Amino acid sequence: MTGRAPPPRGPGPAPRAGGNGRHLLLELRIAARPEAVRAALARISGALETGGIGEGMRGTAEIVLAEVLNNIVEHAYAGGQGQIALRIELCPASGALLCATRDEGRPMPGGRLPEGGLPPLEGPAAALPEGGFGWHLIRALATGLWYRREGEVNLFGFRIEAGSAGGD
Amino acid sequence: MDLTAETVAGVRIIRVNETRIDAAVAIRFKERMRELTDGPEERVLLDLGQVEFLDSSGLGAVVSVMKQLAPARRLELAALTAPVARVFRLTRMDSVFTLHPAVPDPAALRAAP
Chain A
1 MTGRAPPPRG
11 PGPAPRAGGN
21 GRHLLLELRI
31 AARPEAVRAA
41 LARISGALET
51 GGIGEGMRGT
61 AEIVLAEVLN
71 NIVEHAYAGG
81 QGQIALRIEL
91 CPASGALLCA
101 TRDEGRPMPG
111 GRLPEGGLPP
121 LEGPAAALPE
131 GGFGWHLIRA
141 LATGLWYRRE
151 GEVNLFGFRI
161 EAGSAGGD
Chain B
169 MDLTAETVAG
179 VRIIRVNETR
189 IDAAVAIRFK
199 ERMRELTDGP
209 EERVLLDLGQ
219 VEFLDSSGLG
229 AVVSVMKQLA
239 PARRLELAAL
249 TAPVARVFRL
259 TRMDSVFTLH
269 PAVPDPAALR
279 AAP
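Chains as they are written, first to last, in the working numbering: chain A, 1 to 168; chain B, 169 to 281.
Errors might be hidden in some of the hints.
[Stated by the list, open to error] Footprint (simulated), chain A over chain B, 3 or more residues, beta carbon under 8 Å:
| id | segment |
| --- | --- |
| 1 | 179-192 |
| 2 | 195-203 |
| 3 | 219-225 |
| 4 | 252-260 |
[Unchecked claim] In silico contact screen, one side only, chain A against chain B (beta carbon under 7 Å); selected entries:
| id | residue |
| --- | --- |
| 5 | E35 |
| 6 | A66 |
| 7 | L128 |
These aren't lab readings, by the way, just hints derived from the structure by calculation. Remember, predicted model here, so these are calculated numbers, not experimental data. Every residue, glycine too, gets a C-beta built ideally from N, C-alpha and C.
Just chain B, same shape as in the assembly:
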């Protein structure tokens, strides 16, 4: 499960370098996210720009990450592709997460904590 992480303007940005978050990788995704979020940043931003497919297992894994970070830390999502946004919409999980159309640039990250 290929994820890369960096901290920008105090925000932990994690990019998923995979086209699918599905039943085949959901557990590994959660493990990798735990490893990459062991720092102090209060905000964690998950860049899903390369993810073309997310099933209910993938959705459950993203929710699990959010629950594990809560309540002291927040998980936000960015750059959902149309098929992924559709799954969030159909399950009403688009009302639970902060969704950014794209990864905000550093100035925007600093401006909106």
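Next up, chain A with everything else stripped away, as it sits in the complex:
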């Protein structure tokens, strides 16, 4: 998938979804609030199921999308108001889900994606990390991550490969 930004769209009801199992395109606008992200994830799972995507891959997509969208809410918009445009397209040849987000929040620190290494887990409970898991999950479950800043806009994309069904 090229780094095309999702086109701007109005709010609309449910995301459009192709139902024949071979062509699937979802385009949503999501308010930058955790509750709106939760609602969008439910709609996406339903649309993916209708589109013939299996449970394992749907579960993988839900984790990655939750982390990506929550990152935009918490860090790009930093709790302020905003919209996230999300595009999910099934690649018929590979069976992968090609996903891209567009937001107008703050840029990624350093202009690059975090590595997502796990913090050390040994040692006393008091030293356990409570954060830093999100990027690790994204990198464990998604491929082809890319990020670009264009003017005031963040563009981010990734793939969920077919067979990302929990054999990890």
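Using the hints, position chain B against chain A.
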């Protein structure tokens, strides 16, 4: 955030009556857990049997609860569904928590302090 709690065989068992512990409820979850664990029980068992989805915010909240109870008190987890177990596995947090396949019955709770 719907949680119910009871003490069985000296163990504080807290059941999450929600299908998701995520960014939308992580802070409220921590607050409710603090309220429900203000008793003396050394062991706290979190029944996650109804939770179908847990993201990194939810995971962080569970870790936060465990840290808040430590070192005098332990948090154990029970009945993780497959998607939740997967997140614990991917983050290696399954090696940090005691995980029970189901909530142990009272006899088992008494037998294994």
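Now for the hints, and whether the structure bears them out:
1. 179-192: holds (count 4)
2. 195-203: violated (count 0)
3. 219-225: holds (count 4)
4. 252-260: holds (count 6)
5. E35: 5 Å, holds
6. A66: Status holds, d = 4 Å.
7. L128: Constraint on A/L128 satisfied, holds at 5 Å.
Comparing the model with each numbered hint stated earlier shows that hint 2 is the single one that does not hold.
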